[in-house]
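Participant: Residue strings, one per chain:
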Amino acid sequence: MTWLTWRQFRTQAWLVLTALAALAVALTVTGPNLARLSRSTGLAACQANCEAAADNFVNQAMTVVNSRVYVVALVFMFVLPGIIGVFWGAPLIARELETGTHRLIWNQSVTRTRWLAVKLVGVGLVSMVTAGVFSLAVTWWAAPIDKANLDRMLPMVFPGRGIVPIGYAAFAFVVGVTAGMLVRRTIPAMAVTLVVVVAALVATPLYLRPHLVTPVSFTAPLDTSAMQSVRITETDMTVTGQVNQPGAWVVSNKTVTPSGQPFTGPADLQTCGRANFSKEGCTAWLASLDLRQQASYQPASRFWALQWYETAVFLALSALLSAFCFWWVRRRLA
Amino acid sequence: MTAVIETNGLGRRYGRRQALSDCTLSIPPGRVVGLVGPNGAGKSTLLQLACGLLAPTSGTIEVLGARPASGPAQVARVGFVAQDTPTYAGLSVADHLRLGARLNPGWDDGLATARIRQLGLDPGQKAGKLSGGQRAQLALTLAIAKRPELLILDEPVASLDPLARREFMRTLMEFTAEHEASVVLSSHLVADLERVCDYLIVLAASRVQVAGEVDELLATHHRLTGAARDPATFPAGHQVIQASHTERQSTVIVRSSAPIDDPSCSVDKLDLEDLVLAYMTQAAAVGRTPVLETTR
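Chains as they are written, first to last, in the numbering used here: chain U, 14 to 347; chain H, -13 to 282.
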């Protein structure tokens, strides 16, 4: 059964692994130089107040080639779960059902439970190892850049680092298998898989990740001297204060009036209006309102905690879907 | 010896459509069983129930004394060639044999390679490039080489040309003669089965119409032709299967184990085709009546 599974899977495997191998070459060629720069600029050894070292490193490190590799790796880690689900997961069962070969294979001396187990575990493990190895490589390669940018908690970077790609890969793969089993046709199953995987990955930073660990919340007087953004129109005004937490992921950041209502203006057009705008005057007027900042954030120190929790959630979902697949293949599929 | 297939009140429903109902059968071992019936009669359903691809929605079925597909040992005892003889288009003939060898503990590699050579198939050829007849032969080879005690074939020759049909049937008969396996094969054409079967099941309108040894069926069915008469006037031992009347003459097909001794009409033997047609015509007539009632 293992032999047959590999025999059926190897073409799709080579396609994806060849693309990954190209990325691996790019990482190995450029990676050591990044690590060297990180040491020579003092970024690697720096513990606190690293802005100067970071700027120095970024100026030297982000050459055209390195910038491209950085973006390609980022995009790659984003699309890898989709590729695994669509090209490895969806056809696994759908193609057999579509061409009727399940009736051939289920009448060899193999139970369909074992047939599904070998396919699901075999190709599933390949998916997870693939994602794991590449996440490891990308995480290692980008470590100095992430340290300089302090952005690995952000939704654009977080899914492509650490161990979450393993969870995503497992989940996307099992979604593909399940869709194939229910839809029974390869191309529609691929489409369903793509939609479900993309929806899950988009929903994760919006609805799941902020709540895996209760965010740190604070309410403080709004520091009007250092604002993140100020927007003024004729009728209303929105202001956002800074959250001074290096490397943190700001989950929410609101400005409220002393009575607790969201602050929406209107602006005092005498000082903040277009005609006679003065930065000092407007800032002083804003300060006189006694506004407060309500914000919550996930500090940078929680990176690994969030990684573990999120991976666990996706692995648990994968296990549930797998259990459903086994139930379905025994009871409902024929 | 236990029956090859033993069913009791077996039924299978797809949603609201009843594909097979109240099927009670006991097929003795060592037979070549022909399963005939019109398209959509439930032949495939019955065969898929027997090899465990489908689960019954009512009644029970035992194959070789156990529930179909209840475990690897049970699957190993039953060979199945599905309708349209599916094979892996991307795998070569040799790959298919390798697959069979790895997945079946009782695999007879000598038999498989000898058959492929005899058929003149190129082992390196992809199965997707084979002709319909070659593909059917490959599927049959896979099913035979696992050395099953019972071989089930679902319309194996339906899509084959006459020559391929004859070749396929010959291979099948060689196998049953050599290995003393039981075979069940279905077709909607009696001609396919006539020469090879010694046991016949007629399935029509999702029900078993008749089942029995071919010799016995032929010996007990008669066509009576004579002056017009009411079918109800036949003696008790005569079961009227089908009757057709003209103004002056009745033709009645009856089943009777006792010899027919009726001077008022002429008695003829039936051939298998007539016999099957009589049962199918009757089933169609019975099936139509309630439809008319509901639509009136």
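None of these hints come from the bench; they were simulated from the model.
Where a beta carbon is used, it is the ideal one built from N, C-alpha and C, also for glycine.
Heads up, some of the hints might be wrong.
Listed below are several chain H residues computed to face chain U (Cβ distance under 10 Å; list not exhaustive) [stated by the list, open to error]:
hint, residue
1, A41
2, V64
3, F66
4, A68
5, P72
6, A75
7, G92
8, L128
9, I138
10, T237
Some chain H residues well away from chain U (every beta-carbon gap over 12 Å; in silico) [unchecked claim]:
hint, residue
11, V61
12, H82
13, L89
14, S117
Participant: Hints first: check each against the structure and report whether it holds.
Facilitator: Against the structure, the hints:
1. A41: With a minimum Cβ separation of about 7 Å from chain U (threshold 10 Å), the hint on A41/H holds.
2. V64: 7 Å, holds
3. F66: 4 Å, holds
4. A68: Holds. Min distance 4 Å.
5. P72: At about 4 Å, which falls below the 10 Å cut-off, the nearest Cβ of chain U leaves the hint on P72/H intact, so it holds.
6. A75: 7 Å, holds
7. G92: 7 Å, holds
8. L128: For L128/H, the interface hint holds, since the closest Cβ of chain U sits about 7 Å away, which is under 10 Å.
9. I138: With a minimum Cβ separation of about 9 Å from chain U (threshold 10 Å), the hint on I138/H holds.
10. T237: With a minimum Cβ separation of about 43 Å from chain U (threshold 10 Å), the hint on T237/H is violated.
11. V61: Since the minimum Cβ distance to chain U is about 5 Å, V61/H lies within 12 Å and the statement is violated.
12. H82: The claim breaks: H82/H does not keep its Cβ more than 12 Å from every Cβ of chain U (closest is about 9 Å).
13. L89: With a cut-off of 12 Å, L89/H comes too close to chain U, as the shortest Cβ separation is near 4 Å.
14. S117: S117/H clear of chain U: closest Cβ-Cβ about 17 Å, beyond 12 Å.
Hints 10, 11, 12, 13 from the earlier list are contradicted by this structure; the remaining hints agree with it.
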